[in-house]
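K.L.:
Using the sequences plus the hints, can you model the full thing?
As they're listed, the protein sequences go chains G and R. In terms of my numbering, the first sequence opens at residue 50 and continues consecutively. In terms of my numbering, the second sequence opens at residue 107 and continues consecutively.
Treat the hints as calculated values from the structure; they're not laboratory data. Every clue listed holds true.
Partial selection, computed: residues in chain R whose CB lies under 7 Å from chain G: (1) Phe109; (2) Gly116; (3) Leu117; (4) Thr120; (5) Asn123; (6) Ser127.
Being a predicted model, the structure only gives us computed values, none of them experimental. Just so you know, even glycine gets a beta-carbon here, dropped at the ideal spot from N, CA and C.
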Amino acid sequence: MDALFVNLKQSMLNLAGVFLPEWMTLITSMAISMGAIAVLGPVIMMYLTLLERKVVGRMQNRIGPNRVGKFGLLQPLADGVKMLTKEDIIPRNADPVTHLLAPILIVAPALLVFAVIPFGRNMTAVDLNVGLLYFIAVSSTTTIAIFMASWGSRNKFSLLGGMRSVAQMVSYEIPMVLSVVPVILAAQSLSTNTIVEAQSGWMGFNWFVFRPWGFVAFVIFFLCGVAECNRSPFDLPEAESEIVAGFHTEYSGMKFALFYMAEFMNAFTISAMTVTLFLGGWQGPILPSWLWFTLKTFCLIFIMVWFRGTLPRLRVDQLMGLAWKFLLPLTFINIFVAGSWYFASLPVRITSSILILGVSFWIFTQLNKPYVREKRFYDLAD
Amino acid sequence: MFFGSGVLRGLMVTFKNFIASYFRPANQGGLFTVEYPEKRLPEKENFRNFPFLVYDGTPENLRCVACDICAKECPPKCIYIVREFDKEGRPLKRPATFDIDLTVCMNCGICEEACPFDAIYMDHEFEVANANRQEKLLYHRDDLLKSNEYFHKIRPTDAEAIDQRRREAEEKKKAAAQAAASKAAKPPEPPKPGNATPPPSPPKPDQPEQK
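P.N.:
Right, dumping it as structure tokens:
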């Protein structure tokens with residue numbers, strides 16, 4: 050069961066090896082992986098939309114989509130048909146090239162990062178030795194596409210959304226990358242596979258999240274990831290109540306669908322990466338590895354949807370303040386704690402790291418308290 | 107409390123809602139949606155929408171006498187009545203045409219209040235959507251006719267009271283007719299001088315009744 054998909058691919062390759070020369074089987078192997086990812090990404094995106102609508106509906110005491118198919122399971126297909134048949138409008142003053150390229154460029158990196166995600170034991174499409182770096186680098190190019198979309202639309206709301214997006218991405222990229230550093234320290238590798246294997250042991254529960262620095266890094270990484278893929282409560286670039294739809298105001302039909310696809314695939318890859326880095330990836334007892342991975346990832350996606358069903362949108366200054374004044378210094382402390390982790394015995398390092406992190410957390414919250422003016426009394430007012 | 111505890115409290119609220127939507131009945135925080143086309147709420151008795159014509163027993167035996175009062179009272183003038191005539195050209199007490207235009211009707215219920223013959227009442231029908239407003243939404247006499255049993259079904263209290271009233275009126279009429287008949291059967295007494303009382307006239311057949 051554990052190697053189900055690996056064996057499936059191997060048997061397909063063996064079948065192909067009968068007819069094809071050796072160099073062709075190599076290409077076939079790549080094609081199988083690429084095809085699997087190219088199918089998996091959009092399918093995941095489609096069903097994430099359904100999941101999100103269902104869960105948010107339940108949280109708001111509604112039922113959610115249930116008309117198309119059993120439990121609304123065919124709703125994504127109906128939406129897809131609707132999106133495909135909608136009119137594609139390009140504003141008269143828009144830059145047609147940028148306007149057209151942006152949705153394509155935003156989907157490409159979202160699909161590319163699937164390559165380094167370890168879906169299970171031996172189930173990484175490309176086991177890059179710099180997988181984590183690749184992930185961070187490729188996923189941050191989304192900003193360019195978003196800014197292209199907003200600039201090319203020639204719409205003030207789009208541009209506002211794009212500007213916000215750039216500011217947000219640049220701010221949150223830094224604590225996100227820095228929160229990964231402790232993991233790299235512990236695993237001594239940038240390869241996603243090695244990072245997962247470094248978390249083996251303890252019946253498959255030796256996850257980085259169960260260490261003090263790991264927990265802090267996990268929370269910071271996940272929050273920054275939510276901010277990176279523009280999800281609520283950090284959805285300022287597409288704030289409906291403020292700037293119409295932000296950077297995709299001027300998009301309709303399939304281009305709009307591509308933006309959504311990128312957003313949901315980013316949500317999935319961010320969750321998958323958080324699982325890989327902190328929640329032990331595919332490690333876990335009894336169940337097959339790919340099932341463990343899927344379960345953990347969907348738990349995190351549920352948390353993302355849960356955030357969306359609960360929290361109101363942040364103000365721009367609150368957003369920036371959280372990144373620069375709270376998360377960033379905390380990641381620095383965290384790197385220090387993780388570095389000193391290996392130089393002390395077990396009880397000492399646990400108590401000291403919890404103490405350091407707790408105290409710094411408290412200090413940063415105190416320093417970040419908003420200034421509330423004292424209540425003024427007007428003695429001579431009457 | 108610590109930084110972010112408000113967020114956690116908020117998350118707990120939505121999570122409780124999420125769980126309750128699966129496991130709790132509607133009055134304890136669960137889902138209260140009624141999935142309309144499959145399930146529907148019981149209709150309220152006093153709900154009224156669009157008039158219909160009542161008949162007793164068979165559709166030929168309708169109560170409407172084509173008096174035109176409802177058509178005159180109707181504020182948006184959506185009722186159109188033509189009286190029926192027999193072969194000799196004498197007017198009959200029933201409508202040949204009775205049209206109500208649903209697109210014009212404003213469901214005020216004044217026709218029901220104005221009708222002296224208990225013939226027109228407000229219906230519970232609300233699924234009237236149609237693709238053609240010129241033909242399908244102009245209701246003719248046969249579309250409007252519904253039995254008294256149907257009236258009893260949708261508005262039992264009102265229908266019972268009205269039937270009671272009609273029965274009493276009927277009995278009074280019968281008693282009066284009997285009295286008149288018995289009086290007519292007796293040989294007329296010679297009128298006493300100075301005390302000329304006319305025989306009690308039978309009540310007019312269709313006296314307007316106070317509602």
